[in-house]
Structure formats: structure tokens, C-alpha cells
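Going line by line, the protein sequences match chains Z and G.
Using the numbering used here, the letters of the first sequence correspond one by one to residues 1 to 371.
Using the numbering used here, the letters of the second sequence correspond one by one to residues 1 to 98.
Calculated from the structure, these hints are not laboratory results.
All C-beta atoms in this analysis are idealised placements derived from N, C-alpha and C, irrespective of residue type, glycine included.
Treat the hints with care, since some could be wrong.
[To be verified] Cβ pair distances, simulated, as ranges:
1. Z:72 / G:21: 26 to 34 Å
2. G:42 / Z:138: 12 to 20 Å
3. G:79 / Z:48: 51 to 59 Å
4. Z:87 / G:79: 44 to 52 Å
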Amino acid sequence: MSGVRVLVGTRKGAFILTSDGKRKQWDVTGPHFGGWEIYHFKASAADPNRFYASQSSSWFGQVIQRSNDGGKTWEAVGNKFAYDGVIGTHLWYDGTARPWEFARVWHLEPSLADPDTVYAGIQDAALFRSTDGGQTWQELPGLRQHKSASLWQPGAGGMCLHTILLDPSHPGRIFIAISAAGVFRSDDDGQTWRPMNRGLRSEQIPDPTAEVGHCVHRIAMHPSRPSVLFMQKHWDVMRSDDAGESWREVSGNLPTDFGFPIDVHAHEPETIYVVPIKSDSEHYLPEGKLRVYRSRTGGNEWEALTKGLPQRDCYVNVLRDAMAVDSLDPCGVYFGTTGGQVYASADAGNSWAPIVRDLPSVVSVEVQTLP
Amino acid sequence: MIRVVLPAHLRTLAHVAGELKLDVEGQATQRSVLDALEACYPMLRGTIRDQVTHQRRPFVRFFACEEDLSHELPDAPLPDAVAAGIEPFLVVGAMAGG
């Protein structure tokens with residue numbers, strides 16, 4: 001019988017939540033790497049038992065963990081992220097030039113075809129790749145060689161490359177997003193990059209329509225239609241129908257269009273999900289209500305999904321990598337909160353139930369659909 | 001033979017329990033002890049000192065013989081009692097307030 005594994009990264013370790021296709025009864029294992037921050041934790045699409053996890057702490061820095069047996073055992077692999085060539089500078093908060101400095105790995109994106117190939121998005125923003133299962137890492141330096149790179153600035157959370165989308169139908173096409181530089185696209189496997197921010201408007205920067213400088217929080221695509229992208233920006237939910245060349249706002253009737261995650265239904269490319277957050281200065285839910293918003297029209301028209309979610313006194317946040325979908329039918333939707341709850345819906349968001357309520361603050365949620 | 005005590009998280013990462021005993025070539029210094037430690041336990045590379053600059057991570061401290069050696073130069077000799085294996089070299093995670 002088919003099933004799912006939900007891979008959860010938290011501020012104090014990783015957890016694996018497993019269920020059969022009904023998604024009612026859950027087995028919870030963990031914490032793995034107890035006491036360490038797990039910014040991201042993802043399985044290879046090419047080998048479902050190959051996991052990669054980004055493990056870090058303020059004390060002991062960055063570790064990359066790999067499992068070859070679905071999380072039963074783990075091996076620390078390479079953790080040396082050395083920028084390629086001349087380090088260069090970017091802008092610091094005070095407007096001075098600051099040399100790039102590695103802080104942590106925010107996101108690990110395994111190749112769609114090769115379990116030994118995995119991409120890492122890091123802070124300070126750069127893209128690395130390993131082709132030997134994480135033992136060694138090489139920067140794809142073309143991104144930081146873009147002429148705008150010296151003007152990139154960190155957002156409040158640091159200057160992080162947090163989103164990596166691999167286009168399944170255009171080999172060599174990669175989308176990445178950086179806070180606070182914006183979206184970039186490569187069509188040559190990461191050698192050269194172009195900014196993809198036309199149509200974005202950010203009142204928080206001197207030129208609201210600048211080519212770079214936007215605080216993009218996350219982008220998402222449906223694998224069957226990779227030229228259509230959805231974006232949760234700092235403020236604004238956006239859509240592109242031309243592989244990022246231009247964007248238009250689709251916030252529509254959302255109660256607020258600030259937020260972090262955005263994801264797409266596994267079988268309906270026009271059905272998307274966001275979790276509106278009150279504001280950039282408050283970072284919690286509006287009205288104390290935990291509401292996922294779903295659009296079945298690719299944006300603009302949104303409905304609140306509340307069944308099974310707390311509708312009073314709830315002031316958590318849902319971070320950018322903390323939402324995912326499975327590919328069962330009906331599609332399962334999952335998200336984790338800064339309050340340590342992981343919620344699941346086995347009916348595309350119509351109703352929700354917590355899998356766990358009291359984990360450490362959740363940073364990332366990924367889902368595997370098992371045969 | 002140099003005795004080394006790691007903090008709990010690094011013992012877990014290195015799959016070791018209790019105190020380590022390392023053979024260190026030449027004079028016992030922070031650098032030679034950490035070189036030997038990382039050679040035996042490569043998963044510890046980058047967790048105590050930066051892999052490129054070899055600077056001590058800011059929240060890691062080195063203690064021995066009831067002294068804080070964190071700010072000693074990496075090539076300064078460690079105390080005789082550490083070099084002789086009488087006292088351990090302690091790698092410590094700095095206290096976090098809160």
C-alpha cells in the first residue's frame with residue numbers, strides 16, 4: 001500500500017513522520033541530531049532512501065548529513081563550502097561593502113535524476129553543487145559573478161539563497177531565490193544567470209521596481225508546467241506565466257499578502273496554497289486564526305481553509321520551507337509552525353488534523369510519496 | 001599521548017564516548033592537537049575551527065589545567081601536564097545565557 005513520509009526540520013532536531021495512504025495514523029521518529037538546527041531535510045526523487053539534511057548550530061557550525069537507508073542511519077559528509085575565486089563583497093546593512101562569508105546551508109535540493117547530485121543554497125547567498133553524494137561541494141560561481149551581486153543586501157534573516165527549483169522539462173534550467181536580491185534563472189546548468197524580477201514592486205527599497213533587491217520569500221512550480229511560477233514575496237503573491245520573465249500580482253482577496261510559504265497542488269497546477277501572516281513587523285497570524293488560503297484559479301480568488309485548524313488565540317508563523325504536498329489522490333498538504341505543530345490534510349486542504357503538536361519550532365517540511 | 005575531552009554534541013557527531021586519546025606529532029599545541037583530532041575524526045572538521053582560516057569558532061573554548069587557553073596562539077605550547085597526558089585538553093561549548 002502506498003504511503004507518505006514527512007521530513008521535518010526543527011530548531012532542535014529532525015523528525016520523520018510516516019503513514020500509509022490513508023494518512024490518519026502516524027508513526028513519529030526522532031529527534032535525529034537532537035539539539036541542532038535542521039534548516040532543511042529532503043529526499044532524493046531518484047532514490048527515495050537517500051536523504052540529505054542541513055544540520056547546524058551557533059556553536060559548532062555547519063554539518064551535512066546523508067542517509068542511504070531512509071533515515072535509519074546517517075553519515076556526516078562534506079561541510080566545506082569555500083567560495084570560488086575572488087570572494088568579492090556585497091552590501092551590508094549599513095551600506096558598507098562586506099566580503100561574502102559562509103554562515104549556513106538553508107536549502108538542499110537533490111537532483112531529479114541522480115541521487116549523488118545535490119544543490120545547496122547558502123548564506124551568504126551562493127549556490128553550491130555536489131556530485132559525489134555530498135562529500136565535496138563546488139560553487140557555481142556565475143551567480144555571484146552577476147554584475148548586480150555587489151549590490152545585494154541581506155534581509156533581516158541574513159542574505160540567504162533559500163529556494164532552488166530544478167526545471168524537469170528543460171535540462172539545465174534552474175531558478176533560485178535570494179533574500180533580498182530576488183529571483184535568478186540559469187538556462188545553462190548554473191553557468192550564467194539573469195535576474196527574473198520584472199513586475200515585482202517592493203516599497204521597502206529605494207526603487208520599488210529595481211531589477212534586483214526584492215525580498216522574495218519563496219517560489220513554487222508544478223512539475224507538469226514549469227513555465228508557470230508562483231511567488232510569495234515579502235508582501236504580494238505573484239505569478240509568472242513565462243518562466244519568470246515577468247510577474248503579475250495575484251493577491252486578490254487575501255486578508256494580507258505577507259507570508260512565507262507557497263505551494264502547488266500535486267494534480268491541479270492552478271490550485272495553490274499560502275498562509276497569510278499579519279505583517280512584516282509582527283510575523284504572526286492575523287486575528288489569532290490559523291488559516292491556509294487556497295486558490296483554484298491560479299491566484300486572485302482565494303478561499304480560507306479552516307476546518308481542523310485553531311481559530312482563536314493562535315499566533316504562530318509558518319516559515320518559507322515549511323509547507324509541502326504529497327502526490328496521492330486526493331492530494332495531501334502539510335505544513336509546520338513555529339509553535340511546533342505539523343498539520344496534515346488528506347483532502348487537498350478541505351480539512352486538517354495535527355500529526356504532532358509539540359515539536360520544537362518547525363523550520364522545514366518536505367514530503368515523500370512512497371510506492 | 002594527549003587526552004582530549006569533547007562537548008556532548010561533538011562526541012555524538014564523532015560517534016565516541018568519553019575521553020579521547022590522540023597521538024600528536026611534534027610539540028603539543030592547539031594546532032597540532034586539532035590537526036590530529038580532525039585526522040582521526042574528519043566529521044569534526046569545521047565544527048571547532050574554520051576549515052579555511054583555522055580560526056577557532058567564536059562559541060568554542062579551549063580549557064586545560066583550570067585555565068582558559070582560547071586566546072593563546074595556535075602554535076603556543078600547551079601546558080606540560082597536557083603534553084604529558086596528565087591533564088586533558090578540554091574543547092568546550094561556550095555558555096549560552098537566556
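Status of each hint after checking the structure:
1. Z:72 / G:21: 26 to 34 Å: At roughly 31 Å between Cβ atoms, residue 21 of chain G and residue 72 of chain Z fall inside 26 to 34 Å, so the hint holds.
2. G:42 / Z:138: 12 to 20 Å: holds (19 Å)
3. G:79 / Z:48: 51 to 59 Å: For residue 79 of chain G and residue 48 of chain Z the Cβ distance comes to about 52 Å; the hint holds.
4. Z:87 / G:79: 44 to 52 Å: Once the Cβ atoms are compared, 37 Å apart, the range 44 to 52 Å for residue 79 of chain G and residue 87 of chain Z is violated.
Hint 4 alone, counting from the list given before, is not met by this structure.
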